[in-house]
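Chains A and B, in that order, are what the protein sequence lines are. Convert by adding 71 to the 1-based position in the first sequence; the result is the number in my numbering. Convert by adding 71 to the 1-based position in the second sequence; the result is the number in my numbering.
Since the hints were made in silico from the structure, they are not lab data. Don't be surprised by glycine CBs; every beta carbon is placed ideally from N, CA and C. A couple of the hints might just be wrong.
[Unchecked claim] Listed next, the in silico SDA-like pairs over lysine to any residue satisfying Cα-Cα at most 20 Å (straight line):
1. Lys91/A x Pro146/B
2. Lys330/A x Glu203/B
3. Lys256/A x Glu226/A
[Unchecked claim] Pulled a few chain A residues facing chain B out of the computed Cβ check, cut under 7 Å:
4. Gly130
5. Gly135
6. Gly143
7. Ala155
8. Leu161
9. Gly173
10. Ala199
11. Ala217
12. Met218
13. Asn221
14. Met224
15. Thr314
16. Ile331
17. Gly373
[Said to hold, decoys possible] Some chain B residues well away from chain A (every beta-carbon gap over 10 Å; in silico):
18. Pro146
19. Glu153
20. Ala192
Number of protein chains: 2
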Amino acid sequence: MRDVAIVGVSQTKFGELWDKSFRDLVVDAGMEAIHDANMQGEDIEAMYIGNMTGGLFIGQEHIGSLIAEHSGLTPIPATRVEAACASGGLALRQAVMAVASGYYDKVMAAGVEKMTDVEDATPAIAAAADQEWEAQQGVTFPSLYAMMANRHMYEYGTTREQIAAFAVQGHENGSLNPKAQFQNKISVDKVLNATKVASPLTILDCSPVSDGAAAIIVVPADEATKYTDNPIYIRASTQASDTLNLSSRKSLTSIESTKIASRKAYDMAGITPSDVDVAEVHDCFSINGLIAIEDLGFFEKGKGGQAIEDGLIARDSDIAVNPSGGLKARGHPLGATGIAQVVELTWQLRGEAGKRQVDNPNYGLSLNIGGTGGTAAVHILSRDRS
Amino acid sequence: MRDVAIVGVSQTKFGELWDKSFRDLVVDAGMEAIHDANMQGEDIEAMYIGNMTGGLFIGQEHIGSLIAEHSGLTPIPATRVEAACASGGLALRQAVMAVASGYYDKVMAAGVEKMTDVEDATPAIAAAADQEWEAQQGVTFPSLYAMMANRHMYEYGTTREQIAAFAVQGHENGSLNPKAQFQNKISVDKVLNATKVASPLTILDCSPVSDGAAAIIVVPADEATKYTDNPIYIRASTQASDTLNLSSRKSLTSIESTKIASRKAYDMAGITPSDVDVAEVHDCFSINGLIAIEDLGFFEKGKGGQAIEDGLIARDSDIAVNPSGGLKARGHPLGATGIAQVVELTWQLRGEAGKRQVDNPNYGLSLNIGGTGGTAAVHILSRDRS
Numbered sequence: 072m073r074d075v076a077i078v079g080v081s082q083t084k085f086g087e088l089w090d091k092s093f094r095d096l097v098v099d100a101g102m103e104a105i106h107d108a109n110m111q112g113e114d115i116e117a118m119y120i121g122n123m124t125g126g127l128f129i130g131q132e133h134i135g136s137l138i139a140e141h142s143g144l145t146p147i148p149a150t151r152v153e154a155a156c157a158s159g160g161l162a163l164r165q166a167v168m169a170v171a172s173g174y175y176d177k178v179m180a181a182g183v184e185k186m187t188d189v190e191d192a193t194p195a196i197a198a199a200a201d202q203e204w205e206a207q208q209g210v211t212f213p214s215l216y217a218m219m220a221n222r223h224m225y226e227y228g229t230t231r232e233q234i235a236a237f238a239v240q241g242h243e244n245g246s247l248n249p250k251a252q253f254q255n256k257i258s259v260d261k262v263l264n265a266t267k268v269a270s271p272l273t274i275l276d277c278s279p280v281s282d283g284a285a286a287i288i289v290v291p292a293d294e295a296t297k298y299t300d301n302p303i304y305i306r307a308s309t310q311a312s313d314t315l316n317l318s319s320r321k322s323l324t325s326i327e328s329t330k331i332a333s334r335k336a337y338d339m340a341g342i343t344p345s346d347v348d349v350a351e352v353h354d355c356f357s358i359n360g361l362i363a364i365e366d367l368g369f370f371e372k373g374k375g376g377q378a379i380e381d382g383l384i385a386r387d388s389d390i391a392v393n394p395s396g397g398l399k400a401r402g403h404p405l406g407a408t409g410i411a412q413v414v415e416l417t418w419q420l421r422g423e424a425g426k427r428q429v430d431n432p433n434y435g436l437s438l439n440i441g442g443t444g445g446t447a448a449v450h451i452l453s454r455d456r457s
Numbered sequence: 072m073r074d075v076a077i078v079g080v081s082q083t084k085f086g087e088l089w090d091k092s093f094r095d096l097v098v099d100a101g102m103e104a105i106h107d108a109n110m111q112g113e114d115i116e117a118m119y120i121g122n123m124t125g126g127l128f129i130g131q132e133h134i135g136s137l138i139a140e141h142s143g144l145t146p147i148p149a150t151r152v153e154a155a156c157a158s159g160g161l162a163l164r165q166a167v168m169a170v171a172s173g174y175y176d177k178v179m180a181a182g183v184e185k186m187t188d189v190e191d192a193t194p195a196i197a198a199a200a201d202q203e204w205e206a207q208q209g210v211t212f213p214s215l216y217a218m219m220a221n222r223h224m225y226e227y228g229t230t231r232e233q234i235a236a237f238a239v240q241g242h243e244n245g246s247l248n249p250k251a252q253f254q255n256k257i258s259v260d261k262v263l264n265a266t267k268v269a270s271p272l273t274i275l276d277c278s279p280v281s282d283g284a285a286a287i288i289v290v291p292a293d294e295a296t297k298y299t300d301n302p303i304y305i306r307a308s309t310q311a312s313d314t315l316n317l318s319s320r321k322s323l324t325s326i327e328s329t330k331i332a333s334r335k336a337y338d339m340a341g342i343t344p345s346d347v348d349v350a351e352v353h354d355c356f357s358i359n360g361l362i363a364i365e366d367l368g369f370f371e372k373g374k375g376g377q378a379i380e381d382g383l384i385a386r387d388s389d390i391a392v393n394p395s396g397g398l399k400a401r402g403h404p405l406g407a408t409g410i411a412q413v414v415e416l417t418w419q420l421r422g423e424a425g426k427r428q429v430d431n432p433n434y435g436l437s438l439n440i441g442g443t444g445g446t447a448a449v450h451i452l453s454r455d456r457s
């Protein structure tokens, strides 16, 4: 198996991008990543696109061919990968395997979603849950995560304020990220008093409806310095599933797929959770950020809320979580998120993250989740090859 | 790169399966393939699912997690791959890379589609074309292929009867396949006088709306005989794209992605088109079967019609095409088709194809196409490892 490195990254601004179509977004991101890798379009040998639900949002499937055409990359193999909000993470994983296997040497992984072309995104998002056993019974995503929040508060004494603090920190970081959808700061009070979505979660606990795209170029680690002076190495790429249906799980306060994928990733990379300097975790709802930092082993189960409150995931702490602003503030164009997380880590490890730069990180970890944890993808990156 | 072999295959009956849900179908196929590979469910380490448009047909995305759960395979990585009607071929290709790379040793590739839960499948199928440039202008898939048929007749003198003869042969073979959706024979006259869909194509030139699933288990070639006495080796797995939009192409009578993917496949396998003994090609419409046998190099461009008429693709000819009945007679549950093609080739190479068995084939080739050729996936299999 060949080692794999990242030599180019990019992200469009995330937000309500009325002047950009689906195809514009991913072409913009792809071209910029190719430029960042000091390549030409014709260098790219294959591409993987993470996209959750082009079919329901814009009536478009067969997205690989579409993107290859509009990027001028036809006739390269172009494959769309889907796992709800983890689509981006899985697209990157396929790109890694395509290089690791020796099939290709220069592969793009991109993610894209155009969510604002429909009046109500909720029914399309519900397709990430179990349609027969959850969505058709009237359950929505906020309500699923609200149940998890209530249970976490009940089991561990986590406070409403601690959950809200995850979103507050996201906005704090997002205020320093020029590509974030929201660049305003918020307070715990503001979160608690915002419009209720599903008790206890308010609108400010929820990531927004977003348009956007992001892209990454991967090559064999042995060839990385041909393209860039600062390659970032992919030290682990793992994935696990859990039941799609939340009610089939043993626990509402922990996501088993995160635990399994992250433990495998630590093994692959030969590190422990305490070695991670910077992490991008999947806070589609604030409670999911809190659960993530526990399941990843950064903090003991039940202690995540206290850790947030104590500033232990801030940019200047031992483990900086979501310096980009996370899904809450950077925005959450579903299929793009898993790619954008790794783009942010690459910028952080290269020292190119501007005002939100974390102090000299070496190990970065991304956690990208589909649904309520039906899929989890974990990537560990480092500046050092081994 | 590790060589890869097929050790287990299965296909459900294809058809209007009112008593089977989406999840039933793929679980049935998966369990049978695992049994065929002499494995247990817990042996499977990862799975790839080809599915075109669960979102539009049944409101369900995040299909990997769903299928893993209902197959009892949670928490293995489960990834859905989509490229319209080539989704199955690409799912197999990812499974091949997952094994070739060394990431996994026992991987399932499955394909599934449940098309009969909606009243009209046409709008969902149209999502395989360019929504903005084709579908929104009123173009449907039969009309796109009808243009290709008209142009082929104009350029090469191909007759209407020759095109119809591809469908007639499909039904001839399908009549011997107990898993085919249609097991009745038809005649050229019957095709010509059937309900017109898009001139010159009639309903009997068109593959049907189908439910169904199929599955394949792949392992490293070095380990194949641990599971089965008759492993089938994957000698090539290739893929190419063309413009999604038909009007951007240089030619309407040839599919460039087929040519590129098949030439690469012949190189990978170290064979020429004349070495292929049995092929499963993508006859979503009869004209596409005709174009395929030309683009694959079985016959000269423009001579495909004559070859069909002369019986040169019959089961007892040098190259038996679509002994299963093809998409026309076996049925075409979109995401399942690319997997079902390779399942049929495996049965043929093993000598297990019953009444439709081709005489002692060694090399088999599958061509799975998305849209009007925006994606093409080619696999070459053989009984011999090299």
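Going through the hints against the structure:
1. Lys91/A x Pro146/B: Violated, at about 38 Å.
2. Lys330/A x Glu203/B: violated, 42 Å
3. Lys256/A x Glu226/A: violated, 30 Å
4. Gly130: Holds, because the Cβ-Cβ distance from Gly130/A to chain B comes to roughly 5 Å (cut-off 7 Å).
5. Gly135: holds, 5 Å
6. Gly143: violated, 10 Å
7. Ala155: holds, 4 Å
8. Leu161: holds, 5 Å
9. Gly173: holds, 4 Å
10. Ala199: holds, 5 Å
11. Ala217: Violated, because the Cβ-Cβ distance from Ala217/A to chain B comes to roughly 19 Å (cut-off 7 Å).
12. Met218: Violated, about 18 Å.
13. Asn221: Cβ of Asn221/A sits 23 Å from chain B, so the hint is violated.
14. Met224: Since the shortest Cβ distance to chain B is 26 Å, the answer is violated.
15. Thr314: holds, 4 Å
16. Ile331: Holds, because the Cβ-Cβ distance from Ile331/A to chain B comes to roughly 5 Å (cut-off 7 Å).
17. Gly373: At about 22 Å, which exceeds the 7 Å cut-off, the nearest Cβ of chain B leaves the hint on Gly373/A violated.
18. Pro146: violated, 5 Å
19. Glu153: The claim is violated: Glu153/B sits with its nearest Cβ about 5 Å from chain A, within 10 Å.
20. Ala192: Holds, since 13 Å exceeds 10 Å.
Checked against the numbered hints above, the structure breaks hints 1, 2, 3, 6, 11, 12, 13, 14, 17, 18 and 19 and satisfies the rest.
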